[in-house]
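The listed protein sequences derive, respectively, from chains A and B. Residue 10 is where the first sequence starts when you use my numbering, and the numbers rise one by one after that. Residue 190 is where the second sequence starts when you use my numbering, and the numbers rise one by one after that.
Note that these hints are calculated values from the structure, not bench results. Hints may be right or wrong, so weigh each one.
[Unchecked claim] Incomplete in silico selection of chain B near chain A, CB under 10 Å:
(1) 307
(2) 321
(3) 322
(4) 324
(5) 325
(6) 328
(7) 357
(8) 372
(9) 384
(10) 389
(11) 390
(12) 394
(13) 403
Ideal Cβ placement from N, Cα and C applies to all residues, glycine included.
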Amino acid sequence: MKRTGYLYDSNFLLHETSSWHPEVPERLKAIHQGIQKDGLLERLVPIKASRADMRWIETVHEKAYIDRFNDACVSGVRVFDSPDNQMCDMTFETALLAAGGVLNAAEMIMKEAIDNAFCAVRPPGHHAERAAAMGFCYFNNVAIAARYLQIEWKIQRVAIIDFDVHHGNGTQHIFEEDATVFYYSIHEHPSFAYPGTGRDFEEGTGKGKGFTKNSPVLPGQGDEAYRAFLQRDLVPAIEAFVPEIIVVSAGFDAHEEDDMSGIRLSTEGFSWIMEQIVSLAETYTRGRLLSVLEGGYALHRLGELARNHVTILLEGGADVR
Amino acid sequence: MFVSKSMARKVITVTPEDGILTAREKMKTHQIRHLPVVDPEDRLVGIVTDRDIRSAMPSIVLEDYDSRKEREKLAKIRVHEIMTRNPVTVLPTHTLQDVLMLIQSTRVGALPVVDEDGRIKGIIGVRDLIRAFINVLGIGEPGTLLCILVEDKIGTMKRIVDAVTEEQISIGSILVARSWEEGKRAVFPYLLTQNVSRVKQKFTDLGFTLLDPLEWYLDQLPPDGR
């Protein structure tokens, strides 16, 4: 049994988009309800959200971008950088709180107060570029956490595993020249899905060449393709990289009942993926694993998906559905 | 859509009297495969390609025992001996469509661009066309591609665009592919958003058929396979 941390704060609901937008507060409510069921919540270590120290945000995002985002938000701008990025007065604060909460989780792992954690945050982060908001994302939570772990805790090698159905363009671009952060993403093939990057020949640049790996999956495929890709692409790459911590961009939108993609992963498929990741963490990082929510829009499925996800963090890969 | 906008303006050239080893060096240095051959007034007199040079080379490996002799022989060959005279050219006022059709029919990789007096102005090749098409496809920008199979009749595109507009989604491009199925077209709206579930539902409600992505075809070989 692991000590698993859980980050949730009702303030994450304050970031509002619009009634027809898929990235809505109800997503987190569904996740939190799922985790409250069957006494699961009581088995978790609560993690507090707090505003991130600006110096950590600035390890990833340009100062000018952060200011532009804040200014837009307080001056009543409701669509920022791209039409997908709708916001309200509280968006900047919520984004800051989400990033800060993830940093708190990272700190607790490093202080060995917990072994691993799941951060149920909004807004998501993996599309956010150094100087641009994109695809519902503002601050790149996992990227900021990776830099924090490197700077504050002298972690040499961070592996980021991203199974959101969309490619994490922001995370890839932030670390593409960096050999100390390995980025792996499995997602729907970019010729069929947003954002149009993450082709299998994108492998990093300069010093970072070989430290980015992408597995594009064709629409209509599901559990079997994910099994094959993870075994072929992810496992040997982690074996070669030997990370000291694994950070997960956990998106649940590859589910067969999620209409944001053409990928058909089953609920069991998601569990299998997480079991693999947990077992990689067992082997290479002494169990240290930080999982952060990205997408996932099938409200009726998010509860069970999050519950399974957290149960696997607690109990390991073994006999979970 | 004019050649003048898409061509390379800095043209690397050779003269008819240059040796072919000089030409080969220039190709290597600039990573190009076509060198326009010009006279002292910059008038185009021919074109030499990496293939012309390779054909002029002896089949033996240059490092062989008499490599020096071979090298001297090669060094004496002048560009005008192996170049193509009167190559296919275009004017800066030709269009990218002209170039596409010409490249397809002549099977050359690049066309020198000359003015009315035959003076070299630029060169345009397959790579420039690829860049132009990456641009019009919009795939440099984040978005989602859909594919709708529609009847080939007037007004269909309006209904598609109206549906996208009602969802306040920006359009990166709309491509139309010829189908080998009689009376049908495949329409590919490339939408600059991650958020396509609603517009997809709308298309279905409008009676359009959203094609299974695995059956999409931007291009297919014609039935005769050519």
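Each hint, compared with the structure:
no., hint, verdict
1, 307, "violated (42 Å)"
2, 321, "violated (18 Å)"
3, 322, "violated (14 Å)"
4, 324, "violated (14 Å)"
5, 325, "violated (14 Å)"
6, 328, "holds (6 Å)"
7, 357, "holds (7 Å)"
8, 372, "violated (26 Å)"
9, 384, "holds (6 Å)"
10, 389, "holds (7 Å)"
11, 390, "holds (8 Å)"
12, 394, "violated (14 Å)"
13, 403, "holds (6 Å)"
Hints 1, 2, 3, 4, 5, 8, 12, counting from the list given before, are not met by this structure.
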